[in-house]
Amino acid sequence: AQTVTQSQPEMSVQEAETVTLSCTYDTSESDYYLFWYKQPPSRQMILVIRQEAYKQQNATENRFSVNFQKAAKSFSLKISDSQLGDAAMYFCAYKGSSGGSNYKLTFGKGTLLTVNP
Amino acid sequence: KAGVTQTPRYLIKTRGQQVTLSCSPISGHRSVSWYQQTPGQGLQFLFEYFSETQRNKGNFPGRFSGRQFSNSRSEMNVSTLELGDSALYLCASSLEPSWTGELFFGEGSRLTVL
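Protein chains in written order, with the numbering used here: chain A, 1 to 117; chain B, 1001 to 1114.
None of these hints come from the bench; they were simulated from the model. One or more of the hints may lead you astray.
As the list claims (entries may be wrong) - List of simulated lysine-lysine pairs, DSS-like, C-alpha gap at most 27 Å:
#, chain 1, residue 1, chain 2, residue 2
1, B, K1057, A, K109
2, A, K73, B, K1057
3, A, K78, A, K109
4, A, K73, A, K109
5, A, K55, A, K70
As the list claims (entries may be wrong) - Restraint ranges, calculated between C-beta atoms of paired labels, are given here:
#, chain 1, residue 1, chain 2, residue 2, range
6, B, Q1017, A, E61, 37 to 45 Å
7, A, D26, B, R1063, 37 to 45 Å
8, A, K70, B, G1028, 30 to 38 Å
9, B, G1003, A, T60, 19 to 27 Å
Quantities reported herein were computed from a predicted structural model and do not represent experimental measurements. C-beta atoms are modelled at their ideal positions from N, C-alpha and C, and glycine is treated no differently.
Using the sequences provided together with the hints, build the complete structure.
See the structure below:
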């Protein structure tokens, strides 16, 4: 079974600074997808960024970028120029490409990010 | 375009009762999945439906069940509620059967079991 581990329960960053959230995963599949989702307080979860395992190039979405290390099974999220609105719980998630893992996301426990003004 | 709608948003039940939660996906989305979110266990997959068929089920007891209707709306039911069932239940929808893109989540139904 696949597992996703986020080793940082909480992180804080100063506004305008850069922060990196860590995520590692375990899988025996060679083809899969990785995601970072953001859940603001009392609001719905939204997708921040996604990465296909077959792509070597790291995904980037404006101020958000990932460092995908397939061999190390590591998938970290970098937030540049942090803004107050970035404060949220961030979840790393895995989706397989075959069998039962194809139809669900496996989430890490989350990292609560605080942005200080 | 309306987002994923979950009802009710909040509810309180007592042990032994049952509860039904509803989810209306984004128009045109045919896949609906359910997740349970608790502080201790985090987000755990409950089940996923596509075209009224359950394609995958998480590791939950048989007290947890669900279904999907022909209009893609979905319901989940929890019978014989236990204190540990207190959680935020999230519904998510997606466009394609083997989606590789974004899951769209609702705001959740927060269930408290007393």
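Consistency of the hints with the structure:
no.: 1; hint: B:K1057 - A:K109; verdict: 20 Å, holds
no.: 2; hint: A:K73 - B:K1057; verdict: 26 Å, holds
no.: 3; hint: A:K78 - A:K109; verdict: 18 Å, holds
no.: 4; hint: A:K73 - A:K109; verdict: 17 Å, holds
no.: 5; hint: A:K55 - A:K70; verdict: 10 Å, holds
no.: 6; hint: B:Q1017 - A:E61: 37 to 45 Å; verdict: 43 Å, holds
no.: 7; hint: A:D26 - B:R1063: 37 to 45 Å; verdict: 30 Å, violated
no.: 8; hint: A:K70 - B:G1028: 30 to 38 Å; verdict: 33 Å, holds
no.: 9; hint: B:G1003 - A:T60: 19 to 27 Å; verdict: 26 Å, holds
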